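Go ahead and model the full structure; you've got the sequences and the hints to work with.
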Amino acid sequence: MILAHADQATRRYGDVLALDRVDLTVHAGELVGLLGPNGAGKSTLINMLVGLRRPTAGRVELFGGDPRQPAARRQLGVTPQETGLPGTLRVGEVIDFVAAHFPDPVPRAELLDRFGLTDQVRRQTGGLSGGQRRRLAVALAFVGRPRLVILDEPTTGLDVEARHTLWEAIRSFHADGGTVLLSSHYLEEVEALAQRVVVLGQGRVLADDTVDAIRGIVGVRRVSLTADDLPTLPGVVATERTDGRTHLLTTDADQLVRDLVTAGVAFRELEVRPTSLEEAFLAITTTGTGPAGTTTSTATGAAAGPAGAARTTATSAAAGGRPTA
Amino acid sequence: MPLTLVHARYQLLEIIRIPVAVVGSAFFPAAAMLFFVVPFAGDDPTGATYATAAMVTFAVMSANIFQYGIGVAEDRDQPWNPYTRTLPAGPGPRLAGRILAGLVLTYLSMLPVVIIATVATAARVTPVGLLLGALTVAVVSVPFTLLGLAIGYSLPSKAAIVVAQVIFFPLAFGGGLLSAPGDAPGFIQVIAPFLPTRGAVELMWAAVGDWRPDPLALTMLGVWIVLLAAVSGWAYRRDEGRRFS
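Protein chains in written order, with full-length UniProt numbering: chain A, 1 to 325; chain B, 1 to 245.
Calculated directly from the structure, the hints in this document are not laboratory data. Please read all numbers here as calculations on a predicted model, not as lab measurements. Any given hint could be a false lead.
Estimated spans, in silico, between C-beta atoms of each pair [stated by the list, open to error]:
1) B/P79 to A/G116: 19 to 29 Å
2) B/A31 to A/D15: 51 to 61 Å
3) B/P79 to A/G127: 17 to 27 Å
Virtual Cβ for every residue (Gly too), placed ideally from N, Cα, C.
Encoded structure:
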């Protein structure tokens with residue numbers, strides 16, 4: 001059974017094309033990750049699926065109906081932005097308010113317990129910590145016993161522990177038969193939760209595949225060097241030249257460096273860096289040279305990211321350098 | 001209907017927790033009562049009654065202009081507002097709830113004026129007059145609710161605050177709310193019938209006393225209601241189109 005569906009959905013804001021003929025189908029029981037850098041169109045797609053926006057062209061459906069009709073949203077759960085909770089209302093009041101919209105809401109105490117908010121029930125949301133606010137925001141998506149939950153970047157800015165608590169809640173909802181569509185710009189988050197990943201970039205679906213398949217593509221590295229002349233090298237998926245530097249995108253950086261050395265290329269200033277998701281996908285989906293304009297900014301994003309495993313750096317680079325605190 | 005009440009209840013809660021708007025719109029009319037009406041017209045039953053009705057109109061006007069003008073404009077900035085639109089309810093209950101909450105606050109903000117009138121002046125009103133007056137408050141809320149909604153839906157919150165403040169004083173003075181009936185300065189006598197505040201206060205006077213309302217002021221009140229309904233309807237649809245289409 002199809003719970004959410006976009007069919008050639010296109011959305012323009014004035015001259016800006018935010019979504020370009022996007023197809024997406026979410027079946028009952030799936031846990032789908034929607035991955036992409038900021039500005040890729042994730043929020044626009046989600047806004048159309050939850051009935052806040054209508055497509056300029058194409059079609060979106062929720063439970064077989066128009067998401068803009070309240071009846072179609074009866075089995076939908078959505079998370080407000082954590083900053084958007086009414087600051088003067090108490091935690092319990094916010095839950096009661098949302099619960100009043102549903103025929104059979106989860107009892108307040110049960111929901112509070114599930115999200116670790118029992119002690120905060122009488123606190124005004126303005127006085128909560130960021131993590132508590134986020135937990136409340138996510139809890140609200142589950143108030144009405146939804147069949148489909150759409151979470152827009154549910155853990156952005158959370159510390160590791162809070163993030164894992166939320167992941168547990170999402171997993172257990174899914175284990176009980178719930179369907180989840182979750183957007184994120186963290187590959188790590190999507191890897192931890194989703195079975196299927198849809199990658200958006202510049203308003204288009206760049207990939208729609210299993211987590212493993214996507215991970216393989218994202219494993220692309222950027223090998224940069226200064227060299228006068230390069231032979232044709234195996235395993236290079238894209239080549240670009242900016243300011244006298246040559247950037248080679250490859251799935252196997254180690255082998256590429258070995259090949260460079262064996263080929264006797266006179267190169268200087270060798271650098272190997274993870275690519276951002278956006279770079280990796282654009283490199284693969286566009287033929288010829290890659291997006292020269294975006295390379296420098298994403299590279300700084302990677303440099304500013306936390307040190308550690310290469311993949312962690314890659315995921316933070318995918319955030320496009322946006323501070324996540 | 002129950003959802004409308006739910007929305008009204010939580011909007012009231014939000015407003016009551018930070019009651020600046022209520023206190024603000026109740027303060028001016030109550031202060032004007034204390035400083036002008038009580039010392040100068042307090043002993044004259046007719047004069048005090050009309051002055052009280054004028055201050056109630058003042059309170060109704062400022063309560064509505066401020067809470068809708070500023071409240072709606074601020075609400076449009078908050079991400080909570082689009083979130084409520086993803087709940088299984090249309091925009092109707094939220095808007096209806098807002099109007100209901102607004103009416104409650106309107107009655108709240110005129111309460112100090114009525115209390116001061118009862119305690120410190122010779123103002124007198126029959127039970128029927130009181131009931132009529134209370135109903136008239138709801139009626140004269142209409143143009144000012146529409147004015148507030150027009151401001152709130154068409155302007156960003158910072159501009160809405162300024163516009164609401166700039167508009168409400170000339171409306172009060174120009175409509176003759178701060179002078180006794182027929183006793184306003186000459187130029188105010190000329191412009192008053194053309195302002196919505198005049199028609200509103202004439203209705204209030206007619207409700208609580210033997211006042212015969214000026215047909216011109218009442219006609220203009222009707223014109224204002226139609227005009228403001230059109231402007232607020234346009235602003236609402238424009239906002240819907242920008243944020244939810």
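Inset, instruction - Any hints from earlier that this structure breaks? Give me their numbers in increasing order, please. - result: none
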